[in-house]
Amino acid sequence: MMDEELKKLEAELARLKPRQPSRRLEAGIAGELANPQSGSVAWWKPVLAAAATIALAAGAWSFFIPGQKVPKVAEVSPPSTVAVDTQNDLASARTSADRARRVFRPVKVQTALLGYRDDGIILTSRNRPVRSRSCQLLDYVELESLDGKRKIMVTKPRKEIVLARAHVL
Amino acid sequence: MDWKKLIDEHGAKLVLYARQWCDSLVDAEDAVQTAVVKLWKKHEADESLPLGRVFVAVKHAAIDTVRSSKRRRLRELKANEEELEGTSLFEAAEIEEERRKLIEHALGRLPVEQREVIVMKIWSEMTFKEIGRALGISQNTAAARYRYGLRALVRMLPHSTASTS
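Sequence order for the protein chains is L and X. What the first sequence shows, in my numbering, is residues 1 to 169, in sequence order. What the second sequence shows, in my numbering, is residues 1001 to 1165, in sequence order.
None of these hints come from the bench; they were simulated from the model. A hint or two may mislead.
[To be verified] Sample of chain X residues lacking proximity to chain L, with all beta carbon distances greater than 10 Å (derived): (1) Lys1004; (2) Ser1048; (3) Ile1063; (4) Arg1100; (5) Arg1109; (6) Ile1137.
[Unchecked claim] With beta-carbon atoms standing in for the labels, derived distance ranges: (7) X:Lys1101 - L:Gln20: 14 to 24 Å; (8) L:Thr124 - X:Lys1101: 40 to 50 Å; (9) L:Gln110 - X:Glu1047: 23 to 33 Å.
All values reported here derive from a predicted model rather than from experimental measurement. A virtual CB, placed ideally from N, CA and C, is assigned to each residue, including glycine.
All chains, please: the whole structure from these sequences, using the hints.
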């Protein structure tokens, strides 16, 4: 009798579907992985640091050798975070293939809330009590070249202060 | 370790599991996030990470979340927001709303050792062997906790037989 009841209860419980996590969870994980904290040290970090030190030392050495020209380093500009699809930019692209390769457009945007803090109630310049909350956000913009062959992911952390009316009475 | 796939396939179960320690959905999601990020950093290249390891990591993260006084303070604030979204553990299902609430309430009254085994067994479809390995107990202990938990639920839900068909 008891076993039968248990089986019925098991069946009933199995019919309940756990609530799906919010979008915040996926965005939060993506945000944390995109902006790793200094907690764990990856194996390649010391290697990279050593390589950078050697490169700097080599650069300084070449700079101080008399009669030797300092090698010119090509300047690489960071990818633009804004789509380059205005008429002017299009005109600057020489051919359509070149344009398809060089012009990027946003294909995905997302904002992750990394955390926030309640700063309590503050008074505005007009002596109105408002509740202030500092939010740490991370904006993502995924850009894709017009030919679809290249992708750039741009992330930008930002801080936002949200003021909400505080009902104190 | 493909964390997106993990969240797609098991995210709901992991959050439900975390809620056995966390009062709010926000905290439970925070715990899952912490656990997944930590695991990913350690086992990025490991394609066959057992689900039991993920559950254990979520459990530890959930306990840490609850212990943290800073988070506790934030939780109160976040809980207000959560009220707007609803705090149910489960999706609206074939089971009546009232009945679902009764089940959630009864689950919440079980000792956490029994609850976690029930969650792993029923909603994550893990075997007692897998549960035992994940929790560091024998499979017999896992099965016993499960049975005790279900029996307690039957006692707390006197009309359970009437609402099932």
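Could you see if the CB distance from Thr124 of chain L to Lys1101 of chain X stays within 40 to 50 Å?
This hint holds: roughly 42 Å between Cβ atoms.
Find the nearest Cβ of chain L to the Cβ of Lys1004 of chain X and say whether that gap is larger than 10 Å.
7 Å, violated
At the C-beta level, are Gln110 of chain L and Glu1047 of chain X separated by a distance inside 23 to 33 Å?
Given a distance of about 26 Å, which is inside 23 to 33 Å, the answer is holds.
Separation of Ser1048 of chain X from chain L, once the least beta-carbon distance is taken, above 10 Å:
20 Å, holds
Test the statement that Ile1137 of chain X is away from the interface with chain L: the closest C-beta pair must be farther apart than 10 Å.
21 Å, holds
Consistency of beta-carbon spacing, Gln20 of chain L to Lys1101 of chain X, with hint 14 to 24 Å:
19 Å, holds
Minimum Cβ-Cβ distance from Ile1063 of chain X to chain L exceeds 10 Å:
Nearest chain L Cβ is 18 Å from Ile1063 of chain X, so the label holds.
Compute the least Cβ-Cβ separation between Arg1100 of chain X and chain L, then decide whether it is above 10 Å.
7 Å, violated
Over 10 Å from every CB of chain L: does Arg1109 of chain X meet that, or does the non-interface label fail?
15 Å, holds
Figure legend: structure checked against the earlier numbered hints; hints not met, in rising order: 1, 4.
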